[in-house]
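S.K.: Sequence:
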Amino acid sequence: MLERLKGYIEKEHLMMPHDKILLTVSGGKDSMLMAHLFAKAGFRIAIAHCNFQLRGEDSELDEALVRKFASDNGIPIFVNQFDTKTYAKENQISIQMAARELRYTWFEQLREELQFDRIAVAQHLNDHIETVLLNLSRGTGLQGLQEFYP
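Residues 189 to 338 (my numbering) are what the sequence shown spells out, left to right.
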């Protein structure tokens with residue numbers, strides 16, 4: 189699987205070997221696998237974890253898991269605990285939309301402040317379809333249909 193990842197990254201020209209990459213890790217299977225593979229591949233990485241405080245103890249357990257993984261692997265980690273419900277209420281948006289806005293705004297702030305070259309997000313097909321539909325609903329053009337982080 190590691191060689192497939194490296195081959196795909198090289199084939200698609202997704203990043204250069206010297207790039208500094210911010211991995212967005214939720215604690216779920218997809219993002220933990222991504223973090224494991226990137227760490228084993230030897231990329232220059234750090235981890236960003238969002239705790240939206242929406243699932244009680246499970247949110248805390250996810251954060252603890254990601255913190256332990258980062259510590260065990262010597263990976264810098266950044267954690268943000270959001271008051272997602274308040275943000276959603278104040279902005280009159282759904283909890284899901286609030287979490288999305290909070291995380292992507294924070295990831296971009298980290299990228300700029302700490303000079304990361306790329307942001308890596310573990311998405312499966314349903315997440316990607318959601319993004320495309322969201323961008324279409326906002327009246328985006330072709331550029332907005334791409335998920336690209338410089």
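A couple of the hints might just be wrong.
Unchecked claim - Okay, derived cross-link-like pairs now, BS3-like style, lysine-lysine, Cα gap no bigger than 30 Å in a straight line:
id : residue 1 : residue 2
1  : Lys-273   : Lys-194
2  : Lys-228   : Lys-256
3  : Lys-194   : Lys-256
4  : Lys-194   : Lys-228
5  : Lys-199   : Lys-217
6  : Lys-208   : Lys-256
Stated by the list, open to error - Pair ranges (Cβ atoms, derived):
id : residue 1 : residue 2 : range
7  : Glu-245   : Ile-283   : 27 to 35 Å
8  : Leu-221   : Glu-296   : 18 to 26 Å
9  : Gln-297   : Arg-192   : 29 to 37 Å
10 : Ala-252   : Gln-297   : 29 to 37 Å
11 : Glu-248   : Arg-288   : 38 to 46 Å
12 : Ala-252   : Glu-191   : 29 to 37 Å
13 : Glu-296   : Thr-274   : 16 to 24 Å
14 : Gly-216   : Ser-259   : 30 to 38 Å
15 : Gln-280   : Lys-256   : 31 to 39 Å
16 : Pro-205   : Thr-274   : 40 to 48 Å
The set of hints was computed from the structure by calculation and includes no laboratory data. Positions of the beta carbon are idealized from the N, C-alpha and C atoms, including for glycine.
S.K.: Now tell me if each hint is right for this structure.
M.R.: How the hints compare with the structure:
1. Between Lys-273 and Lys-194 the alpha-carbon distance is near 39 Å, which puts this suggested pair outside the 30 Å criterion.
2. This hinted pair checks out: Lys-228 and Lys-256 have alpha carbons roughly 16 Å apart, not beyond 30 Å.
3. This hinted pair checks out: Lys-194 and Lys-256 have alpha carbons roughly 25 Å apart, not beyond 30 Å.
4. The hinted pair formed by Lys-194 and Lys-228 meets the criterion: a straight-line CA distance of about 11 Å does not exceed 30 Å.
5. Of the supplied pair hints, the one linking Lys-199 and Lys-217 holds, its CA atoms being roughly 25 Å apart against a limit of 30 Å.
6. For the hint linking Lys-208 to Lys-256, the alpha-carbon distance of about 21 Å falls within 30 Å, and the restraint holds.
7. A beta carbon spacing of about 18 Å between Glu-245 and Ile-283 contradicts the range 27 to 35 Å that was offered as a hint.
8. A beta carbon spacing of about 24 Å between Leu-221 and Glu-296 agrees with the range 18 to 26 Å that was offered as a hint.
9. At about 32 Å, the CB distance of Gln-297 to Arg-192 agrees with the hint of 29 to 37 Å.
10. Look at Ala-252 against Gln-297: about 24 Å separates their beta carbons, and that is not inside 29 to 37 Å.
11. For the hinted restraint 38 to 46 Å between Glu-248 and Arg-288, the CB-CB distance of approximately 21 Å leaves it violated.
12. The hinted window of 29 to 37 Å between Ala-252 and Glu-191 holds, with their beta carbons roughly 31 Å apart.
13. Evaluation of the 16 to 24 Å hint for Glu-296 and Thr-274 yields a pass: the beta carbon distance comes to about 21 Å.
14. In this structure, Gly-216 and Ser-259 break the distance hint of 30 to 38 Å, their C-beta atoms being roughly 19 Å apart.
15. As the Cβ distance of Gln-280 to Lys-256 is approximately 37 Å, the hint placing it in 31 to 39 Å holds.
16. Distance hint for Pro-205 and Thr-274: a CB-CB separation of about 42 Å, consistent with the stated range 40 to 48 Å.
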